[in-house]
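Protein chains in written order, with my numbering: chain Y, 39 to 753; chain V, 39 to 753.
Treat the hints as calculated values from the structure; they're not laboratory data.
The beta-carbon is built from N, C-alpha and C at its ideal position, and this holds for glycine as well.
Mixed in with the good hints there might be a few duds.
[Unchecked claim] Calculated cross-link-like contacts (lysine-lysine; reagent style DSSO-like; alpha-carbon spacing at most 27 Å):
(1) V/Lys688 - Y/Lys744
(2) Y/Lys265 - V/Lys280
(3) V/Lys398 - V/Lys437
(4) V/Lys688 - Y/Lys736
(5) V/Lys565 - Y/Lys642
(6) V/Lys265 - Y/Lys280
(7) V/Lys642 - Y/Lys642
(8) V/Lys265 - Y/Lys681
(9) Y/Lys676 - V/Lys265
(10) Y/Lys730 - V/Lys565
(11) V/Lys681 - V/Lys598
(12) V/Lys730 - Y/Lys681
(13) V/Lys744 - V/Lys688
(14) Y/Lys744 - V/Lys744
(15) V/Lys112 - V/Lys489
(16) Y/Lys688 - V/Lys565
(17) Y/Lys744 - V/Lys681
(18) V/Lys265 - Y/Lys730
(19) V/Lys133 - V/Lys167
(20) Y/Lys688 - V/Lys736
(21) V/Lys124 - V/Lys167
[What the hints assert, rightly or not] Counterexamples of contact, computed for chain Y against chain V with all Cβ distances above 10 Å:
(22) Lys160
(23) Gly284
(24) Asp300
(25) Gln545
(26) Pro704
Chain by chain, the residues run as shown.
Number of protein chains: 2
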Amino acid sequence: MKTKNLIKKAFLSLLALQLLGTTQIMGQTKELTLEDLMPGGSTYRYVDNLYNLQWWGDFCIKPAIDKLTEINPKNGKETILTTVDKINSVLESQKLGKLTSMYFVKLPWKNRTEIVFALHNKQIVFDFKKNKVISTTDFNKDRNNEDINYNSNNIAYTIGNNLYVNNDAVTNEPEGIVCGQSVHRNEFGISKGTFWSPSGKLLAFYRMDETMVGQYPLVDTEAREGKVQMIRYPMAGMTSHKVTIGIYNPDTKQTIYLKAGDPTDRYFTNISWAPDEKSIYFIELNRDQNHSKLCRYNAQTGELEKVLIEETNPKYVEPLYPIAFLPWDSNKFIYQSQRSGFNHLYLYNTDGKLLGQLTKGEWLVQSLLGFNNKTKSVIIEGGVALNKNLYSVNIPSMKCSKALGKTTDGVHNGLLSESGQYIVDRYSSPKIPLKIDILDATTSKSTQIFKAEDPYQEYKMPDISVGTIKAADGVTDLYYRIVKPKDMQPGKKYPAIVYVYGGPHAQMINNSWQNDTRGWDIYMANKGYIVFTLDNRGSENRGFDFESVTFRHLGIEECKDQVKGVEFLKSLPYIDGNRIGVHGWSFGGHMTIGLMLRYPDLFKVGVAGGPVIDWKYYEIMYGERYMDTPQTNPEGYKECNLKNYAGNLKGHLLIIHDDHDDTCVPQHSITFLKACINAGTYPDFFTYPGHKHNVIGKDRVHLYEKITRYFVDYL
Amino acid sequence: MKTKNLIKKAFLSLLALQLLGTTQIMGQTKELTLEDLMPGGSTYRYVDNLYNLQWWGDFCIKPAIDKLTEINPKNGKETILTTVDKINSVLESQKLGKLTSMYFVKLPWKNRTEIVFALHNKQIVFDFKKNKVISTTDFNKDRNNEDINYNSNNIAYTIGNNLYVNNDAVTNEPEGIVCGQSVHRNEFGISKGTFWSPSGKLLAFYRMDETMVGQYPLVDTEAREGKVQMIRYPMAGMTSHKVTIGIYNPDTKQTIYLKAGDPTDRYFTNISWAPDEKSIYFIELNRDQNHSKLCRYNAQTGELEKVLIEETNPKYVEPLYPIAFLPWDSNKFIYQSQRSGFNHLYLYNTDGKLLGQLTKGEWLVQSLLGFNNKTKSVIIEGGVALNKNLYSVNIPSMKCSKALGKTTDGVHNGLLSESGQYIVDRYSSPKIPLKIDILDATTSKSTQIFKAEDPYQEYKMPDISVGTIKAADGVTDLYYRIVKPKDMQPGKKYPAIVYVYGGPHAQMINNSWQNDTRGWDIYMANKGYIVFTLDNRGSENRGFDFESVTFRHLGIEECKDQVKGVEFLKSLPYIDGNRIGVHGWSFGGHMTIGLMLRYPDLFKVGVAGGPVIDWKYYEIMYGERYMDTPQTNPEGYKECNLKNYAGNLKGHLLIIHDDHDDTCVPQHSITFLKACINAGTYPDFFTYPGHKHNVIGKDRVHLYEKITRYFVDYL
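Isolated chain Y (complex conformation):
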């Protein structure tokens, strides 16, 4: 349910950037509009960035519209490698077309002065030193999920539901069997369906048979006559798809499938190759999601060689990261687990023997960026609660460095150079919109290469602060954020809106810029509303106990914590306790409605977007992890089914559910409306035609204007 739209965001910003290049926007007023504050808005004021920074060996490459610049990581000195004009003069002379920017070129080979880019259905390799085209490869314009291995130059891609490598069809399956794409609905850390061996000589891929999965109809009304689009959507407790793993050899054009047996009700996750490419590893999980096994299969025969690590948990095990082999010792790998209560790194050998716990404590490893061969270290992102930083963990000594990024009350995101010596460190803090440093991963010496201006510096801004209150359990600290109108008048009572998400794998408050306050929160605070957000138990980056307190009854404990937040709000002298609203989307839509119905006297107005109403309509993978099945947990499904509280509705509730929502199908909200009609209560409803789970693009401004009007009318 977590929106995976970082790439989209970057792209939208890039588009905006290009627009800015041609039209100058003058700040004539200091009042921020929704168009200024919402992604998709025509005057959206995003934080500037360096897009698509990449490493070329140990040189940092900075693309721009017009040129490609190399940054020396030792001192930040910049050298222009080439310009778009220079390249285009060659491309045009060969009638290959014209690059509009350098943002999407890649430099995959550290020792070669060659860039790779796609242009008019061709992949082009270009030597920017010799200024000539090295090679062009045609590709099918319908291809998707491109995965290139730059060692072998083999290209895997999909057309429709089948997988291709170079010009060969690897699979030839009928509709309903999908090859080479992400499976298990992107849960368990899965985001793709092809996995090249290190040399690029073998390709592991997913094959998913979903012919047995129920189909949900979505209706496209923009067609001349409304048209149905059937999506295969596995609902909790119902029949799931079946996944197998194939290995394709482009030289022999042969495919073998791993002999894993009947794939019914099994998840195959986190694929990784052994460095010698003779075997392949993945983590298998049972449908109950309480027993995982790290397995090794022979990549030639497809036979199971060994189950190396097993984990069980009375609630759930959630493998999210593939194992990572030490580059200097192919018999050892790093395995990640939250068995200690927090996600940490464990060193194992290929016999499955635990050699040691590399990181420990009440904080989490959030990402493994790579290794430094020279220092025998693994570089990670880690943190807890509001902060995330970069660390180097020395493997022989099992010692973790101090934070490498210099701003400790902040959020750092790293990109490691090829040798592991340098890190591009993008970071922000409540007062820093964005800075980019290049760090030396050993000495933590930093060189700043970019600093974004505050895009709101000329505008009226609210006051943002963060604090903690106790959860409903009386002991756990919860972080809240409160956004208050500038220049509040003493003695005046202000209405408040709780913005909530509340579900697992997400955190609304952190120490990034403005504590991650959303544009709409700023807008509403400027209009005179207090906007309050609380990361309840169940949310991210606080460890397993904190997250899993919701097990088998999603939404219940979360709502109790949010009520604590409202009690805190009401204790503040400047809050009008009779005018409290709530708004959230997706899990936050579920929370919004749950709060309105379970605590009808607390909230006057709610706006819920794309809500889960009844977990039995939600997907198997996410839903059953937290809720088990409707068959094995009937009480839980009943307790968490908001239709059973439809009669409690007192305040004004607007539900927005888009007609192409293939994450949380419209059935949730439509059946809830029916339940309210039956119960004699009066929700409001709206839909953004053609949109999926989130309203994106320019319509997002309309959406938030709609939501604003609802609060203005009724709160």
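Given chain Y's structure and the hints, the job is docking chain V onto it.
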């Protein structure tokens, strides 16, 4: 689009009646609630009635829950024929079950003391004098569209898309070909698909091939997983279905099809049998609907024998009534036409020769009830504007009687006895809820057999009055109805709501009880709103010119007339001209949105239900009659497409469109929302899941509470 729900209404009322039989409702308050005022409401106060009165020869039969009573038409004297207990004792002794009421028994044979009824999938013939079961016939519980001929006792019915007679399958067609059911989407007066010859020895039936018609998806969200239901919906300008007419002989079990040639883009309407059963007549209409032909086909060979009457009109011809043969002269028949500008009766012979015009003038024949053999008369319902009465037209002299029903400023509905000597006359007038007389069709002598009480007599009621204003053309009189709160305060300004339908084949104002004021109008007037309704040009019972002024631009002239209504309202001293709302459903939904967008400064609030937005999404038969096709009338379709005015929305507009609307598909409203989002305007939206074109049953109370709240919040 006209709601054909009289039977439904009667049935609902009957159900309510049965409830009243067991629970006594006490009028403890004099304030009417929506539950009191809306059909489907738990305390709905309907006008009492005698249900299912029927003629047994020339005796009038009055069924009740517990007994069957004969009424002597000469003097109104009542004789109990039998009781339910008497019948049930026999039925139960034979283990046939038990009748719960006598409302649905029939007396088809005037000379036999036999009743017919259905019970537990059996048709039972019962002699109420001998008190014994005469026969039982099993029938398939899945059968529909039952059509029994009581001369031959042959039973036609459908199962799924196929036709059966007695126990034999007449057709065996695949999905997409529908036999024995109504065709052409119930336009052209078509309401069924089987037509027994007078003796019941031959059955004419429709066969409709709609495999070539586009399918529209409706989604059932009450299923475990949302399920699509595809409906074949022929949209204006697109491919239409193809209809043929078969004739089945139950004795030989043979079917012939009329040899009418390629059925593409042709309508076959108003089937009737020649008295000798040797030939069959129907009125054919071209797809343009501007050229009709009365045709006779040989019922044995299927060959066309003669085209008897042709009509053309530069706008449209709309045949609505089958021809009717004179019982005393099988060479002559009555043909109905509005060629004079008003629907009238014409006498023809079977050579197609016009023998005379039986009725004339600026009024309409609305129904042909039957004939009186003795006086050589045809009995009709007729009227103009607000009134409808019963008339006897002597055929030899071509003279029309004076009105037979005694209340001339009122609405009469007749049911003719077998000989044509007597008429059951149900009538109401603005002050008479319902009376039932038996009339002598010759002398017009009447005997009252029923008088309903005013169900609101103990309640606070608004003031209802009717008047005329000039249409936008400056000359045509239009009727309006104004419903005003009781005890209005002098000098006070009241908000007003225009309730509008405005489309063809409907009239909102007449001289029936309370001038046909709706329950919601009464409710709103009691709450302090003025409710105003105007029958604009284009509506029913005013003749062809009045109706067809809308040709090729539906909604435009109609809106202009409604604006005249608003100007009139604003001229009234007690109206607050800044607080005018508008509400309508179906064509009235189209009008509501059209008025809000074309006259954005006149209306502050609108509520539109099941609206047509773009006529190209509406069905071929109705749509093309008034609009031609999108190909031949692109300007008209553009002018009338409300999406083209989406940017004009200023006031508050709530659109309600049900997700199972198979009359006006949800695509209309969904694409309108999209147009408003694109245009930056802010309509509201709601849906009643599972409902079709109208919200009926108990949810109708919820609907009108929802609508009421919208006006209360915003007007």
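Regarding the pair Y/Lys265 and V/Lys280, is the alpha-carbon distance no greater than 27 Å? Given pair Y/Lys265, V/Lys280 holds - Cα atoms ~23 Å apart, limit 27 Å.
Tell me if the straight-line CA distance from V/Lys265 to Y/Lys280 falls inside 27 Å. Satisfied, since the Cα-Cα distance of roughly 23 Å is no more than 27 Å.
Is V/Lys730 within 27 Å of Y/Lys681, Cα to Cα? Holds. V/Lys730 to Y/Lys681 sits at ~22 Å (cutoff 27 Å).
Straight-line Cα separation of V/Lys744 and V/Lys688 no greater than 27 Å? At roughly 21 Å apart (the allowed maximum being 27 Å), V/Lys688 and V/Lys744 satisfy the hint.
Could you check that no beta carbon of chain V comes within 10 Å of the beta carbon of Y/Gln545? holds, 31 Å
Is the Cα-Cα distance between V/Lys265 and Y/Lys681 27 Å or less? holds, 20 Å
Under the criterion that the straight-line Cα-Cα distance not exceed 27 Å, is the pair Y/Lys676, V/Lys265 satisfied? holds, 23 Å
Next pair to validate is Y/Lys688 with V/Lys565; report whether the Cα-Cα distance is within 27 Å. Given pair Y/Lys688, V/Lys565 holds - Cα atoms ~22 Å apart, limit 27 Å.
Hinted pair, alpha-carbon criterion (27 Å max): V/Lys642, Y/Lys642. Please report holds or violated. holds, 25 Å
Would you check whether the claim that Y/Gly284 is not at the interface survives, using Cβ distances to chain V and the 10 Å cut-off? holds, 30 Å
Restraint status (C-alpha distance of Y/Lys688 to V/Lys736 at most 27 Å): holds, 21 Å
For V/Lys688 and Y/Lys736, compute the direct alpha-carbon distance and say whether it is at most 27 Å. holds, 21 Å
Violated hints for the displayed structure, listed by number in ascending order: 10 and 26.
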